[in-house]
Amino acid sequence: MSIGIDVKYAARLLVKKPAFTATTVFIIAIGLGLTLFAYSLLSSLIFKPLTMNTNQQFVTIEGEYDYSHAFRRSVDPFHLNQAVQEVDAIDDITFHGPGTALLSGLDTNVGTKKFNATFAKWNFFDVAGQQPIMGRDFTEADNFDGAEKVIMISYEVWQSYFKGISDIVDKMVNVDSEPMRIIGVMPENFSFPSHAQTWLLMPANQINPTKPSRNGAFGIARLKNSSSIEKLNQELSHYNQKAIAELPEEFNWRMRNNSGIYLQATAYKKANSDVREYYSIFISLLVVVFLILLLACINVGNLLLTRVNERYKEIAIRVALGVPRQRLIFQMLWESIFFCAIGAFIAFVLASWGIELTNAAFTRMFAVQQNQPFWWTLSIDADALLVLFVAILFMILITGLIPAWRALSGDFNSVLRDGTRGAMGKKASQTNQVLVISEILLSCIVLVIATILLTTSYFADKADYGVDTDKRITARLELPLEYYNVRRDTEFEAADNKKRNDFYYQLKSRLEELPTIEAVAYMTQLPGTGEGTSHFEIEGMEAEVYDENPVSNNEVIGRDSWRAVGMHIIQGRDFDDRDAVVGANSMIVNESIARELFPDGQAVGYRVRQISSRGEGDWQNIVGVVSDSYHGSAMDTSSAQYNSYHLMDARSRQSINIAIHYKGSELQAKQTLFDTLNATDANVAAYHIQSYQQLIQHPMMLVTTVSKIFLFCGVMAVLLAASGIYAVSANSITQKTQEIGVRRALGATDSNVMKLFLSQALIQLAIGLGLGIVLSMWVIKALQTTMIINDVSYIIGLVGMPLLIIAIVLLATFIPAKKVVEMEPSEALHHD
Amino acid sequence: MSEQTKANNVLVELKNINKMFLTDEVETHALNGINLSINKGEYLAITGPSGCGKSTLLSLLGLLDTANDGMYKLAGHDVSSLKRDERAKIRNSEIGFIFQSFNLISDLTVAENVELPLTYRKDLTKQQRAKNVQVALEEVDMAHRAKHFPSQLSGGQQQRVAIARAIAGSPSVILADEPTGNLDSKNAETVMSILDKLHANGATICMVTHDPRSAARSERIIEVFDGKIVSDQFNNDVTAIAV
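Protein sequence lines correspond, in order, to chains X and G. The opening position of the first sequence corresponds to residue 1 in the working numbering, with each subsequent residue numbered one higher. The opening position of the second sequence corresponds to residue 1 in the working numbering, with each subsequent residue numbered one higher.
Looking at chain X on its own, in the form it has when it is part of the complex (with noise of 0.2 angstroms):
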């Protein structure tokens, strides 16, 4: 019955009061949904271990991931065939390799079509825990030297490229145009390991190499429950030891870093190179979502501390009645879990909405490579929910016990018996400096994080990369092996490569026929992509120690590029006939590298080497210096500023990225592109075709997506903070109503009350603004490891930030102080 009588007390409260109530449920809407979105986006991305169909994990065996070149370091199969029989925490291993299949062949009408694929060991999808839902497995057979080839296709190819037909099974495609027969269909959704659409077997002499070779794979594994990453990782790590001491020399560049790891098992989702190129912005979001629930606390615990201060006669005369602490306790409860309720669900809402948007967001981010990680779609699953059920909890207790404890520790005889409070107690005097304090210094940190990396990743999404991106689309062209292998260390060599390159050459020269085509460029990576560094030196300018010498991002590029991409020579010439031949070995630096590293800035002349750490490396003659342009993101650690940049001649590729300068319109230059490359050569595929903005706002669109949670986190810390600042100094301040009082009636002016809660003020101000941006520096000195934060970012960041929450602190502390000194000190004497 008592609980009964209790919450309809609460229930009233709530809707005496609907301003209080709304402000309430919102910090916690805010407060819990951010927390159920932010677990949501990281469990599914990050944290929850991926089991597929199984309780046991997936784990990744591999090479130590490269930061500096950003990607993911493939290890020998030969010692991962060794090293699954002298580890017991897995059972059995299989490995992959990324790569691409130009498909055609069956009458789909849709001609040369490239997919993603997988390269895998027969026993892919045994390990994987999955089954072809039409056809068969791989089996060890399909590996054996001159046993047919073999494809397995995923179940959108086949609905989407040969138009979900019944007998797909067993029928002939040709991939990269070599026939191979279709043996299956994999489940709906099923793109393992990450964004496969099409599987292939790896040849059977790199799946087991009887000795170390220069194969690559990345290996997979299930975790026994028994086990754990880090024993599998001790185990591998005595296998290192014996591996790294019985390595051929020839194979030394396996330990490029020397740190002595070679193999090491990885949880599977934390291997994904975007996550681990942005962990630590992604740990920074969960800092960031964590405080903003503290501040949220605070803030809730803070407004129900102002309300019990507001009911504290009240509460002093239900005492006085006899209602046993407890009750009074349970009381404070029932309001604290009214409003979490409510707030939950509102939050749940608000989080919904967020997943929905952050999953629109990651399918244009992943949309032009097709290469989403299938466990990149989030949801709400019931571990979120169980996340929600404890924050709710968290939260009641904390504004709901908070406030039942100053209730309870006050002294309501004084209450009673003169109708005040009583001057403010030592105790709630230090709780309120702790609140205020707190509130600084978490609004410190998250604002200070939210904004660099805001202002970061806007500066580098308006970076100028040093080339002209509009009217260009760009595109990856393939050449089909089957058509344009290099015959390496033959006699053909020199033809093969040829052929590959007069291919190039003559698709340039029929666009730029074209009247919509102003021209077009080749290069490995454009500018704005790519990333990566070597060492190089500079003949009698050699340093003493390898590490010493300075670094540069190396690119193949075709004759004739810079105008399409809007560069230009400004020393020397470009590549023509002469650097075309064998041993010309003709390069072009960028301006930097001239300007910095040569005398009086010219280069021209020099000859140049890219370096090993063994010091091997061919000289090179600089015949150019061209104007500069950034590799990478402008956000990335590994973007250069030194470029060199080698003819396509000398070395044949066989996928290389065309830029293309057009006049008209980018569906018009698409639709020209691929015309001319039918007409050119109907087997080579040209993909990932889109414009030059997007191609550089890509490696930016993760950042981007994440930056915008940051933007909403920073919005809401701003209000939090503002609102959460302005009550605990308010309710403070009210708290001292009577002390003020008693001050002025001993002759205070109105600017020693001022002066005294200002200064006041300014104490806490430093002591949370110091420990805030001693703690923000800690979290920027992370995220410096994976990005590059420009000067503006840090003064706004650094400097902007503690600006406005000193203003904002301030200004919380004079309106209230304000209006206190504006009463008559009897009425501040006998405040209630």
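A hint or two may mislead.
[Unchecked claim] Below, in silico cross-link-like pairs of lysine-lysine (DSS-like), each with a Cα-Cα straight-line distance of 30 angstroms or less:
1. X/Lys755 to G/Lys83
2. G/Lys73 to G/Lys83
3. G/Lys73 to X/Lys819
4. X/Lys818 to G/Lys83
5. X/Lys755 to X/Lys818
These aren't lab readings, by the way, just hints derived from the structure by calculation.
Fit chain G to the given chain X structure using the hints.
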């Protein structure tokens, strides 16, 4: 005593003071046509039932509130229409307050509480302030607790500290609002003895009290009823009432 001497001796002069409160659109006349003068060195008790307006009268005397109309002269100066900060300065230099609930600031030590009104003055050095604090605390026999916080003191001790605070700035008048209201009889007697001593040393004291024994120690008793002074008589039989 000549008229001029009488006029020079008047410290407080109220003429036709009215005070009205507006609560929920209801007008309450707290004080109605009050005329009162208090001489220097006088020990005055204001008595009357609860809600009669005696605390409001004390607030007006202490410049803690302003009258709706009427004239108030303190030490010959009209203080009826001063600005907030001017009133604060006069409170600081001319008036010492003693409250029923002590109103010590819990964050400050005993010495800091006593020093508080002195810190609002610009004419005192730190050493002078410290000396005044020491003298005031010795006057109430609390110098040994100078570094304690209010929460470490008994009610009686807190009120003695409050008296020290009231006298530290050597005010012209001490206004005491039920100074023994929150104290047991023993502590009440101690406090009243201190007030007696202060008066004996020449202090002007104006005390609001319910307690007839406290009122009996004053030399003049004013009775307020429904916002009006209904009785104003000298107490010819001032006696120290032993407990």
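Hints, one by one, checked against the model:
1. X/Lys755 to G/Lys83: Holds, because 19 angstroms separates the two Cα atoms, which is no more than 30 angstroms.
2. G/Lys73 to G/Lys83: holds, 15 angstroms
3. G/Lys73 to X/Lys819: With a Cα-Cα distance of about 29 angstroms, the restraint between G/Lys73 and X/Lys819 holds, given a limit of 30 angstroms.
4. X/Lys818 to G/Lys83: holds, 16 angstroms
5. X/Lys755 to X/Lys818: holds, 11 angstroms
Checked against the numbered hints given earlier, this structure breaks none of them.
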